[in-house]
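Since chain A is already given, all that's left is putting chain B on it; use the hints.
Heads up: the sequence lines are chains A and B, in that order. Read left to right, the first sequence gives residues 1 to 268 (our numbering). Read left to right, the second sequence gives residues 1001 to 1268 (our numbering).
Bear in mind the hints are in silico, worked out from the structure with no lab data behind them. Bear in mind the structure is a predicted one, so any value in this text is a computation, not a measurement. Each statement offered as a hint is correct.
Simulated coverage check for chain A against chain B, where a stretch passes if three residues somewhere in it have a Cβ under 8 Å from a Cβ of chain B:
1. 94-108
2. 186-193
3. 202-210
4. 226-234
Ideal placement from N, C-alpha and C gives every residue a C-beta, glycine not left out.
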Amino acid sequence: MSCWETIIDYGLRSQGIGERLLPRNDFTLCQQFTLIGSGMIWNVYFGVVALCAGFFLATVVAMGKAARNPFIRKPSEWFIFIFRGSPLFIQFFFAYFLFLSLKGAYPFFSPLTSAWAGALVVLFLNTAAYSGEIFYGALQSIPKGDIEAADAYGLSGWSRFRRVIWPTMLRLAWPAYTNEAIFLFHATTLVFFSGFPATQQRGDALYYASYFADKTFNPFVPYPILAGYFIVLTLIVVGIFGLVNAGLNRHLPQDQRAKLRIKPQAIR
Amino acid sequence: MSIYYALGTVLLLLAITGPVALAFGFGGASAARSHITPLRWIGKTYIAIVRGVPDIAFFLFFVIALDQMFEYIRHTIKCPDWTDPVRQGSDFVVCAAAKLPLGNAPQWVHETYGFSIAVLTFSIVFGAFAANVLFGAMRAVPRGQLETAEAYGMSRRQTFWRVLVPQMWVFALPGLSNLWMVLIKSTPLLFLLGVEDIVYWARELGGAKQPQFTDYPHPDWRIWYFFALLVFYLCFTKVSELVLDKIMARLTLGQATAAGERQRKAAR
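The following block holds chain A by itself, in its conformation from the complex (with noise of 0.2 Å):
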């Protein structure tokens, strides 16, 4: 069987297309290379969606945090606080059981025990925390003068909020943002391995890779698969990121643009 028919049949085994058996025997390192790349999609899938919806609500979360309203306030910092503060292994678990047990009650929640929703709706909450708590503390961080200077303008209420405040803190926040962007694609590995069941053998690349150590007991061919395909998404996502930063830096002198770099504090 050539390498061709191996990604014909297994490229979208992750989705449920394609050979519904996984191999069993004679593993071939194209099977393994096809298969925990089509299980990529998957981490792609819940990284870029819980990204982008989480994006918003970090939003919201970062203003509640500053809002001198302790009705608002209050709600913000517990939900940061409980995202941040307690595993996400721990929560994918607890979600599952929390989703089993509604499904049993209404039945309009069934959607949520199987993984694409209810692991997507924890992985949205967590970064929403992580990232609210990176932008409230850029919020913080914004120059007074330029508030001052919106304020000069006759800029108030939403404008001053879309024109000055929010691009500004964005520009602030961006690296470390960058950094949690990176940390939530390595965190939907979690999700197969906490309480969603990879129905039909439809996991993400972690699962499949898994899948292989068990069957030849030999660890160093899938992992470092693996390993190479988290690279390589991490340089992509370091790429679009560092786009976005260039173009929200654009307005300033060269030499005063905020590099990209790690920050060993931004980690999670």
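This is chain B only, laid out in the frame that chain A set:
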């Protein structure tokens, strides 16, 4: 009863892994800024690879890889006249005397062995994160301090140990405390390494593998066990945060940083 043991397991893991990972990190950071080129490469690759790949992949990889490495070393020492290859297809075969732990060893030896492999894995992974933090901290020590040391005629080694190392901690602490939080939050992953930790017990106590809840006098309680775990981790994080703030305040005393300056002004 076992759940209390499991709680002890988690605390013990944290207590051992913390210092060991710090030692790994210190080694990695020193290697990364070494003047011997191969050593520097090793240090930098160590930091870069662990950062780019999800940590859970490492947990799954190292447990098998370390186990096989130990067994292989013992195999070559203890059974020199063994001619069959170690890898037979998808099996990993070593002679009986090289099995680790020995097949006839009591149960607690097996458990201790599993636990120490887990500790080693955690230390390697978190050592890389710590190395990243310490590497940054070493570069953050003001250049003038090192130049002064050189001006006093200290050798490279003396400068490193007497000037750089004592001063770097204050720069490293924000990163290290964040790392400690991350470490606390990844302890539930122990469950994946086959150690019977609290996640394991929360799953077991709540329901059997096939959920036959009728065996229990109560309905499915797993959701409450996981809720308890969530609260436990939240409290643990909060306490660590308070303690680390205290340490930070102590370390900042008399340092040439903005926070140290503020303390000096406040004390006057």
